[in-house]
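Undergrad: The residues making up each chain are set out below.
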Amino acid sequence: MAPKRVLVIDDEELIQEVIQASLEDIVGWEVLLASSGTEGLTVAASQSPDVILLDVSMPIMDGIQTFKKLQDDSATQTIPVIFLTAKVQPSDKAIFSQLGVVGVIAKPFDPMTLNKEVSEILGWKS
Amino acid sequence: MNNHARHKSDSDKTREELLAELQALRVEVSCLRQNHHITQVHQAEIALQQQFEQQRLVIKMQERIQKSLLLNDILNTTVEEVRQFLQTDRVIIFEFNQNCNGTVVVESVAPQWQSILDKQIHDSCFGANVETFKQGSVAASDIYTANINPCHLELLANFQVRANLVVPILQGDNLWGLLIAHHCTAPRLWQNTEIELLQQLATQVGIAIQQSNLFQQVQIDLIERKRTENVLRQREEQLKQAKAELEQRVALRTAELTVKEKILSDFLNAAAAAGIGIGIHDHHKRFLAVNHALADINGAAINEHLGKTIYDVLPSMLASNVDSLFDQVITTGQPILNLEVQGETASQPGIPRDWLINFFPTFLEDGSVSGLGTVVFEITERKRAENLLYQRQQEFIALVENAPDIIARFDKDLRYLYINPAVEKELGISAQAIIGTIYREEIKIVESDISIETELRKTFATGKERCLEYRYRSPQGLKYYQARYVPEFGRDGSVESVLVVTQDVTAIKNIQEALRHSEQEFRSLSESSPVGIFRANANGEYTYTNPRYHNICNCTFEETLGNGWLNLLHPEDKASAIAKWTNAVSEHKHAKSEIRYVRKDGSVRYCQVQAAPVFDSHEKLLGHVGTLEDITESRAIAIMKNEFISIVSHELRTPLTSLRGSLELLKSGIYDKKPEKGKRMLQVAADSAARLVRLVSDILDLERLESGKYELTKERCNAAIIMQQSVELMRGDAEQNNITLNVTPLEVEVYAACDAIVQTITNLLSNAVKFSEPGATVWVDAKLQGEYVLFSVKDTGRGIPPDKLETIFGQFQQVDASDSRQKGGTGLGLAICRSIIQQHGCQIWAESTLGEGSTFYFTLSLAKET
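Protein chains in written order, with this note's numbering: chain E, 1 to 126; chain Z, 1 to 866.
Wrong hints could be hidden among the right ones.
[Unchecked claim] Think about it this way: if two alpha-carbon atoms lie no more than 20 Å apart in a straight line, the pair counts; the simulated SDA-like pairs of lysine to any residue are: (1) Lys308(Z) to Ala289(Z); (2) Lys677(Z) to Lys93(E); (3) Lys677(Z) to Val31(E); (4) Lys674(Z) to Lys93(E); (5) Lys93(E) to Ala289(Z); (6) Lys667(Z) to Ile26(E); (7) Lys677(Z) to Glu13(E); (8) Lys679(Z) to Glu13(E); (9) Lys93(E) to Lys679(Z).
Just so you know, the hints here were simulated from the structure itself, not pulled from any lab data.
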């Protein structure tokens, strides 16, 4: 499987670091980082990542708003989005499934298997 | 020429003939004068003159008779003229009546002589002279010398008659009367001419009488005719009137007959409509009239009946039976009544019907039988009703005989007319032994003021139903009875008997007592219940709500009743609440829903409503009972709890994610040969762990403070020390951020938990440092304010929006959600501060101007002087 380009949008710098280390250092994927929804939209449009790992709880523009804007933009609407979130209440999950995201990965995740979870959600073959 | 010798009587001659003869006589006289001796001539002239006068008199009388119809006038003139002419004393006309008697009807008498006018003459000698008078005249020159019957002579002498001349007045062959001349003065020799004259005049009188009679007859005839005409006219009028009356009577009779026919027709139709069949027959038993009902019963049309006998319309066997009954009625003149017959009608074959048949005779005015009538009553329904009634009676008797209640009837003497067997069970006496006896107080009623006998008498007296309850001490114990006294009225409206139904209600009473207790308990529970309680009837209308219900909804009892409670619902919840309630009522189901109620002050209460159906022993819905639980607070707490859990979950998972991730990466060994990377991962793990520790610590502090389980131990604390201690704790962070901490200690003692106050000030300082730009100053100050000390921590940071000044004291309620990441806060610091100060019974708040900075204040009580 060719290396994938992954955009991580999360306001938690420590988590960004862990995700980046997990995907780059284990499977060699390219990881693009954005600390806010606004920044994420820009990067997504300009870099056309293969997948976006999107945090939900973010200031100013949260993950849901960011997702809707990605869907509204023709340049980004085809990019699959996986929510990577600590909001794991049943009510949260119901909201996510209605939005049309391709998958949800709960925090805390296992960095050693993160790439596999992403591949499995997107149907990528290892 | 002798007048007697003339061929024709002078009376038979016409006037012209007489004048002609007179002229001839004059010529004859003239010749005689010339040829005879003068004496003879003179005598002839006298005779001639007398004859002439005689003829003139006769002619005069003739003319008078011709001109006049007045007989009396003629007769009077005649007697007067004759008496004058004859120069005699009396001339009369005598009229015969029966038995040859008569009356002097006309008289002319000289003044010196006796009048005999109107004399009734009874002359027995007349009878012998009648035939003589008929033959001609009778003349007597002197009655004393004439050979006159002595009795007649006496009569004449009475009339002073000396000589008389009598000529008959004839009417055909009948002797009507006599024309008589009396000479009273002296005897007189009647001349032939005088006799002839009198005869001629008698003839004229006869003519006049005849004419008069004729005239009278004509008059009578005319009168009779007129009378007849009048009679005829009257008869005609009477006939006309009679005809008119007859026509009127005929018209009236016709109208009456028409009305009667109409009445009969209407009667027959009305009877038919009422199901009553009617037939009328003549003497030969032929139908004269029949209505639809009977025609239908007989199975033939009305016109197929009329003029026919029953043999023409009924089957021969039935007709024969009926015919014999007809004969019986006609023969005896007696009706046959109330024969019950069952059959079917042609219009409704297959449906059995019952009829009550009556045959009755009809009579003519003379009392003879003119025919007969048939009246058939439809009694199918009555028969059914009778059967049903009989059945019901049997059922009723069975019910009464087997009823557990004592049922008795009394007459006015309080004699048992009836009592059912149930009495035996209660009193041990058979019903038969009681019936017919007079009532006596057999039942030992506990209440001394109740007497069954009195109640019975009152019921008879008032005619009103009575009901009473009493207790009876039986061998089995105290029993309760309920008795109803029902008056039974006779046709005259008076109470003839009284029905008494006595029911043993001991069990009911016990149940009622238990129910009353239960109800009382329910009331007590309901009145003090912490939840609202309501009760509704089978239509879903509220019949009861408890005080808590009114308290929750801030309404009155009356406002909830019926459907009033719907007005208390939140408009957005009303439709769904009504739908659910309607469904629960109609389907007899439980109902449970969360409904908002709007109170009068506009506040909204969230309530949990539950209702359960209540059924009677026959599974019939009696209504619903339910509860209304105010969950406004618990709901808010639950929401807060959920939100809190969600936030805590998120806040815990975030550092855990980086902690776990970094440790897992380290554990995998991928950084064994990359020590720098490994070291960085260790730092990530350490930072994450530190954040986790702070978070857990804050959560625990807060939970401990707000749970109420942990009470701060307050003591006398020096405010200056607390302030300085807090500043010293934060000085490192401040210097690291290039922030100057400026503290103005206040030497005063407060009554507080020192460590908790230090934690409060350090939390406030931590926030101030975090949100201040490098180089800025943060002030910690305190001042006395009455019995309190007012502490303040002031920064020159970005400031807090006005709408956040209160909420920032809530859990995880930072001004900006990213503050927890960027500023390293947990979002619980201010919540902890508020909890600590509130536990001191004091206040904490913030004042701020955006872009200029914020000041946080809190108060503490001064320590009391010891």
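Undergrad: All the hints need checking, so say for each whether the structure fits it.
TA: Right, here's what the structure says about each hint:
1. With a C-alpha separation of about 10 Å, the suggested pair Lys308(Z) and Ala289(Z) falls inside the 20 Å cut-off, and the hint holds.
2. Taking the CA atoms of Lys677(Z) and Lys93(E), the gap is about 35 Å. The hint is violated against a cut of 20 Å.
3. Between the alpha carbons of Lys677(Z) and Val31(E) the distance comes to roughly 16 Å, so the proposed pair stays at or under 20 Å and holds.
4. For a cut-off of 20 Å, the pair hint linking Lys674(Z) to Lys93(E) is broken: about 38 Å separates their Cα positions.
5. Restraint check: the Cα-Cα separation between Lys93(E) and Ala289(Z) comes to about 98 Å, which exceeds 20 Å; the hinted pair is violated.
6. For the hint pairing Lys667(Z) with Ile26(E), the CA-to-CA distance comes to about 13 Å; that is within 20 Å, so the pair holds.
7. For the given pair, Lys677(Z) sits about 16 Å from Glu13(E) by alpha-carbon distance, which is consistent with the 20 Å threshold.
8. For the hint pairing Lys679(Z) with Glu13(E), the CA-to-CA distance comes to about 16 Å; that is within 20 Å, so the pair holds.
9. Between the alpha carbons of Lys93(E) and Lys679(Z) the distance comes to roughly 36 Å, so the proposed pair goes past 20 Å and is violated.
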